[in-house]
Amino acid sequence: MTAGEPAHAVEETRTTAAQAPPRRTRIGVVIGSGSIKCASALGLLRVLEKERIAVDLAVGCSAGGLYASALALGWDLDMTAQRSQEMWQGLFARFDYSAIVRGLFPRLFGGRGPVGLLDERRLKSVLETLYGETTFQEARIPLHLVATDMKTGESVVLSEGRLQDAARASVAIPVLLAPWPVNGRLLFDGGASDPLPVSVAIREGCDIILAMGFENPLNERVGSLMSLVSQTTYITMNNLLKSTYSFYNAAHHAEIIPIIPTFDRHVGLRDSSLHPYMIERGEEAAVKQLPFLRRLLAAS
Amino acid sequence: MSVASPRQPGGPRVAVVLGSGSVKCAAALGLLRVLKREGIGVDMIVGCSGGSVYAALIAMGHDVDTAEAMTRRLWTRELTARRNHRSLLSVFLPRLFGFDESFGMVDDALILERLKATFGSASIESAGIPLYLTATDFHTGEQVVFESGPIVDAIRASIAIPYVFRPWPIGGRMLVDGFMSDPMPVGVAIRQGANIIVTMGFESPYQQKINSPLRFAFQLSSITSNNLLKSNFAFHNLAHHAEILPIIPEFKDRIHLFDTEKIPYVIEEGERAAERQVPYLRRLLATREESGMPR
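Keeping their order, the protein sequence lines are chains A and B.
Everything in the first sequence is counted per the numbering used here, starting at 1 for the first residue and increasing by one.
Everything in the second sequence is counted per the numbering used here, starting at 1001 for the first residue and increasing by one.
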């Protein structure tokens, strides 16, 4: 088509549209909230890479956002695994105990709201190293990160701007990390509104959705106010995970393939050394669903 | 007249579900007034958190005025006046004062006493209308549904507001507020075979300013449970063929936890919201009766 032939061009476009082959199946990968366990997503990504299954869209919530962005940015998986392990290791190297005191006596310290237990500077340098000034626009496939509006409780989908900011907001696990302002809204952990945001992949028109999600671990013993707040939040978040997942499954005709790694040992926030184990479990869970995924792809 | 319905077999099964919402739950009495006036019988009542108090009162056959008077005696500001000092100290010195899951800022002796004065030793199974009260297992996060046992215990568990009242042990389980597993337990009515579910629910209010850890904790709890309320309601509406009629009263002002003086107003709004659904409810009852819906 050359310039100066507008009528013809329009005609041609029409013909093409009419004769277009059926749209290629769109595959979305959704990594839900699950703090350190989200590292299992690297196992899923490894399987997708090995099987040469192209992904069209990545969605992440809370810590799942890190791995969704690794997929969307096309990071080398071995390198990502290494960075991920270093990140989790570093995050818990030092607790910001002064935050507890500031949190309990907000007036005394001129507190401006909720604080987090984790060392903010440490996290900032981790995110800085990971993302630098990278923006959503630079991703190879569309990437969406989910956070929650602290004021209205609504789920907020972040799809543009600096990844560093979006990731920080999405991962703001209550008690551990303070909420984070993005575009004038105070945001925190996406798990509080949509822990496994299959909704975003549905909205973006995916036909097959690979969804990896995790329930929050509940404690046998609650020994501090912090752990009581976590337990209380996690109970409702787990119920929310089940509820939203049932709803998405019932409401939509997209194929949702759950990829749920199972752990036969306890994986705590400080168990960064268990990265190889978590990745292996994620890989195993993904491999289990491969025959079904292959059938779906063949049928479409 | 009781709302317990001497209905013909084969007719639709009508359930009333009362979700969490503290003082706002008094709007249930407005709904009760409308149902009585219209002569619509109820086959089961499900209650959660604040709604459990009204579910029990209605199931026991109290009329609107009696139930109102009873709840105004039950629910007053004094309930939270006495702090649980040991629990509060345990926040700062967890080892010394043994912080554990039984944390509650408020001394719960008075609420228990009031519940006993209101419900005595009545059991759930003795209520005139089948009654189901919900709570949440603190260790597994699962919903727990009571269909028998002392009403006082079940309500005490169902209203164990996190951070405020300590969890309540029943049958070896530590139980907390029912809203944490489902703020408006329509699912219970569905499982019990209701065809028409009249349900009342409320979003938990957000903090206007989050300037203390406690407000932050309450805000978290409101956010997660409101999202759960919406998600569960969407799912229940979609997945089941039971007719679900939401009755959502609207309030001009913010109703706070102990605004008991606003109860008459709350009841009025409940009545107004219920009246709006009467024509639809009537049509449903008529068509369901004609078609002889299976029970």
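Hints in this document: simulated from the structure, not taken from any laboratory.
Since the model is a prediction, treat every value here as computed from it, not as a measurement.
Heads up, some of the hints might be wrong.
Incomplete in silico selection of chain A near chain B, CB under 8 Å [what the hints assert, rightly or not]:
1) 148
2) 247
3) 250
4) 251
5) 254
All C-beta atoms in this analysis are idealised placements derived from N, C-alpha and C, irrespective of residue type, glycine included.
Against the structure, the hints:
no. : hint : result
1   : 148  : holds, 6 Å
2   : 247  : holds, 4 Å
3   : 250  : holds, 5 Å
4   : 251  : holds, 6 Å
5   : 254  : violated, 15 Å
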